[in-house]
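Next come the chains, spelled out residue by residue.
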Amino acid sequence: MRNKRDVVASVLLIMIGIAVIVWSIRLQVGTLLRPLAGFFPFLVGFGIIALSLILLVQGWLGRSKAPKAYGRWQRPLIMVAGLAVYSVILDPLGYIPSTIFIAAITLRILGVMSWKVISLSSLVLSFSVYFLFTRLLGVELPAGVLSFLG
Amino acid sequence: MDFFANQIHGFTIALSPWNLLYAFVGAVLGTAIGVLPGLGPATTIALLLPVTYTMDATSAVILLAGVYYGAMYGGSTTSILLNIPGEASSVVTCLDGYQMARKGRAGPALGISAIGSFIAGTIGVFLMAMVAPALARFALKFGPAEYSALVFCGLLMAVYLSEESILKGLLMMMIGLLLGMVGIDPVHGEERFTFGLLRLTDGINFILVAMGLFAVSELLVNLETPAGAADIFKTSLKGILPTREDWRKCWAPLFRGTTIGFLIGVLPGGGAIISSFMAYAVEKKFSKHPEEFGQGAIEGVASPEAANNAASTSSFIPLLTLGIPGNNAIAMLFVALMIHGIQPGPLLLTEHPNLFWGVIASMYIGNVMLLGLNLPLIGLWVRLLKVPYHFLAVLIVVIVMIGAYSLKNSAFDVGMIVIFGVFGYVARKNGFPFAPCVLAMILGRTLEQSVQQALKISGADLMIFIERPISATLFALIVLVMLIPIFKRAWKRYQIP
Numbered sequence: 181m182r183n184k185r186d187v188v189a190s191v192l193l194i195m196i197g198i199a200v201i202v203w204s205i206r207l208q209v210g211t212l213l214r215p216l217a218g219f220f221p222f223l224v225g226f227g228i229i230a231l232s233l234i235l236l237v238q239g240w241l242g243r244s245k246a247p248k249a250y251g252r253w254q255r256p257l258i259m260v261a262g263l264a265v266y267s268v269i270l271d272p273l274g275y276i277p278s279t280i281f282i283a284a285i286t287l288r289i290l291g292v293m294s295w296k297v298i299s300l301s302s303l304v305l306s307f308s309v310y311f312l313f314t315r316l317l318g319v320e321l322p323a324g325v326l327s328f329l330g
Numbered sequence: 002m003d004f005f006a007n008q009i010h011g012f013t014i015a016l017s018p019w020n021l022l023y024a025f026v027g028a029v030l031g032t033a034i035g036v037l038p039g040l041g042p043a044t045t046i047a048l049l050l051p052v053t054y055t056m057d058a059t060s061a062v063i064l065l066a067g068v069y070y071g072a073m074y075g076g077s078t079t080s081i082l083l084n085i086p087g088e089a090s091s092v093v094t095c096l097d098g099y100q101m102a103r104k105g106r107a108g109p110a111l112g113i114s115a116i117g118s119f120i121a122g123t124i125g126v127f128l129m130a131m132v133a134p135a136l137a138r139f140a141l142k143f144g145p146a147e148y149s150a151l152v153f154c155g156l157l158m159a160v161y162l163s164e165e166s167i168l169k170g171l172l173m174m175m176i177g178l179l180l181g182m183v184g185i186d187p188v189h190g191e192e193r194f195t196f197g198l199l200r201l202t203d204g205i206n207f208i209l210v211a212m213g214l215f216a217v218s219e220l221l222v223n224l225e226t227p228a229g230a231a232d233i234f235k236t237s238l239k240g241i242l243p244t245r246e247d248w249r250k251c252w253a254p255l256f257r258g259t260t261i262g263f264l265i266g267v268l269p270g271g272g273a274i275i276s277s278f279m280a281y282a283v284e285k286k287f288s289k290h291p292e293e294f295g296q297g298a299i300e301g302v303a304s305p306e307a308a309n310n311a312a313s314t315s316s317f318i319p320l321l322t323l324g325i326p327g328n329n330a331i332a333m334l335f336v337a338l339m340i341h342g343i344q345p346g347p348l349l350l351t352e353h354p355n356l357f358w359g360v361i362a363s364m365y366i367g368n369v370m371l372l373g374l375n376l377p378l379i380g381l382w383v384r385l386l387k388v389p390y391h392f393l394a395v396l397i398v399v400i401v402m403i404g405a406y407s408l409k410n411s412a413f414d415v416g417m418i419v420i421f422g423v424f425g426y427v428a429r430k431n432g433f434p435f436a437p438c439v440l441a442m443i444l445g446r447t448l449e450q451s452v453q454q455a456l457k458i459s460g461a462d463l464m465i466f467i468e469r470p471i472s473a474t475l476f477a478l479i480v481l482v483m484l485i486p487i488f489k490r491a492w493k494r495y496q497i498p
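Quick note, the sequences are listed as chains E and B, same order.
Residue 181 is where the first sequence starts when you use the numbering used here, and the numbers rise one by one after that.
Residue 2 is where the second sequence starts when you use the numbering used here, and the numbers rise one by one after that.
In case anyone wonders, no lab produced these hints; they're calculated from the structure.
These numbers come from a predicted model, not from an experiment.
C-beta atoms are modelled at their ideal positions from N, C-alpha and C, and glycine is treated no differently.
Check the hints yourself; a few may be wrong.
What the hints assert, rightly or not - Pairwise CB distance ranges, derived in the manner of DEER restraints:
(1) B:R490 x E:A249: 24 to 32 Å
(2) E:S308 x B:L16: 42 to 50 Å
(3) E:A249 x B:F413: 32 to 40 Å
(4) E:G242 x B:T351: 51 to 59 Å
(5) B:T351 x E:L213: 31 to 39 Å
(6) E:K296 x B:L242: 46 to 54 Å
(7) E:P277 x B:K104: 40 to 48 Å
(8) E:V265 x B:F392: 19 to 27 Å
(9) E:A264 x B:F196: 15 to 23 Å
(10) B:L16 x E:A249: 45 to 53 Å
Using the sequences and the hints, build the whole thing.
What follows is the structure, encoded as structure tokens:
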């Protein structure tokens, strides 16, 4: 059985390796006596390519171990999308609204159906965490649109 | 006499009210995450790092170390009662522990694992207090050539001892080295791989990578198939203390397990998981009735439980004396020390004796606390499994995000953590081990610096790595390590016919 995922991974890694080598040559590799900033990146890039080639051959011939199956990959995908949105809205909207958003998404993905439970727990959680961290632990969190709360 | 004076000095530090509290909190948290299958010690320590910013270094390490060795206690509880290993290091405990529970002997199984953990942990700390100072003194003689060899050897061991494919481990090591190179080059001061982003000139903060790789990716994996409410094995937990007959059977396995665990824990990439498997295998070979193993032999619980505790203790040795973190959880402690401006390595003991001896003393105390927490309160810990996973998940999300943001008050870092989380998820799914990546990222800069220094000293003569006795020995060790897979294959062939 050809291991498609290992083949894909090795091709990706080979491309990364090539990019690293190109970059390291631009940084100047130097010599063994006078290694410059690109010296180690060059070695690492070379190493990545060499190892990936072996992985490519192994994956192609089906010598590598079968990978673990992806379960319900939709849920992690939604979570990642949610977290990406979170990182974008965190500064402009502030900690509390963004956290209500991400907490609601997490609960929903994990099969909590009742909107009452979802909204109540994400509200309580984000307000309490916000005040706990800012007031008691002295961590700065973005106030955003709710800055009037102080 | 120094040895005892230092230990007593350590106790004066560890017994201060705050440090006692931190040791206690660490032990409680450690037991809790040990019980919960979805949360490991490396993740928990990563989550707790931001909390320790404002603590002093000794207290921070006391707390985080407590989480690590506490998890070894908690992990066995669910293995025995539910056949669910709370930690990877307790997988072996399931084999005989659960069988004992099914035969109505859950009490003695839990008892021997807690008492065994205590004995092994305490002996481990004592041995560590004896060995570590000598090792640190020895390591002070290391020049750049020796240090390069040591780091290289440590990285390769982490690759070769990891459970996954060696090839993938080596690739992860390369990726870790690459991640460590982002930012200003330590020797020449040139910017590398920053993509022109100002935020990347300081390099990628290791905490972000760790939180992403451990916490976020673990969360993503758990989202696929959230664990349902566990079906708790109903059994009366009367008579937790093992009988005299149990003791007669167990004392030798306990000491063998402790020895194996201690020795393997010192190796980079070794640690609790491998040592528990090894201890079980050895015990089966030693036993006069190997057929009872897997059917509820108490030796099969005692020995691996002792081993994983001894190993989790001895894995502090390379961290505190050589500056080489051997596994993911210890790597997190490395980062904790760095956050507090302490460079783990041979100088740690002379420059920060309070930290070293304070932490050692706290480990004795922590083990006593854990014994107290685990024996009478087992019923309470099992109830933790009834907490629905979604509450835990939301809490993890919130803490991770605060941790990432509060590093530099930047939402950019929150984005970074998500990227590393996805990377970790894909890596997990395709059998790429983390430990080599994490260790390489931590040690990459030191490796680069010391190799360059060594080459400068020798005038670009590579023989410097072979001519010096210590680095020559280490390189010989590297060659031996590289032969491990060949031995393994030969061993398998020899066993199969």
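- [ ] Could you check the hint for me, namely that E:P277 and B:K104 are 40 to 48 Å apart, CB to CB?
- [x] violated (55 Å)
Open item on the list: Holds or violated: the 51 to 59 Å window for the beta-carbon distance between E:G242 and B:T351?
Closed with: holds (54 Å)
Open item on the list: Just to be sure I understand the hint, the distance between the Cβ atoms of B:T351 and E:L213 should be within 31 to 39 Å; is that true here?
Closed with: Holds - the Cβ-Cβ distance for B:T351 and E:L213, about 35 Å, lies within 31 to 39 Å.
TODO: Could you see if the CB distance from E:A249 to B:F413 stays within 32 to 40 Å?
DONE: Given range 32 to 40 Å: holds, Cβ gap about 34 Å.
Open item on the list: Please check whether E:V265 and B:F392 have a Cβ separation lying inside 19 to 27 Å.
Closed with: About 22 Å separates the Cβ atoms of E:V265 and B:F392, which means 19 to 27 Å holds.
Open item on the list: If I claimed the Cβ atoms of E:A264 and B:F196 lie 15 to 23 Å apart, would that claim hold in this structure?
Closed with: holds (19 Å)
Open item on the list: Tell me if the beta carbons of B:L16 and E:A249 are separated by a distance inside 45 to 53 Å.
Closed with: holds (51 Å)
TODO: Could you say whether the range 46 to 54 Å given as a hint is met by the Cβ separation of E:K296 and B:L242?
DONE: holds (48 Å)
Task: Cβ separation of B:R490 and E:A249, checked against the hinted range 24 to 32 Å - done: holds (27 Å)
TODO: Mind checking the hinted window 42 to 50 Å against the Cβ distance between E:S308 and B:L16?
DONE: The hinted range 42 to 50 Å is violated for E:S308 and B:L16, with Cβ atoms some 34 Å apart.
Violated hints, listed in ascending order, are 2 and 7; each of the other numbered hints is respected by the structure.
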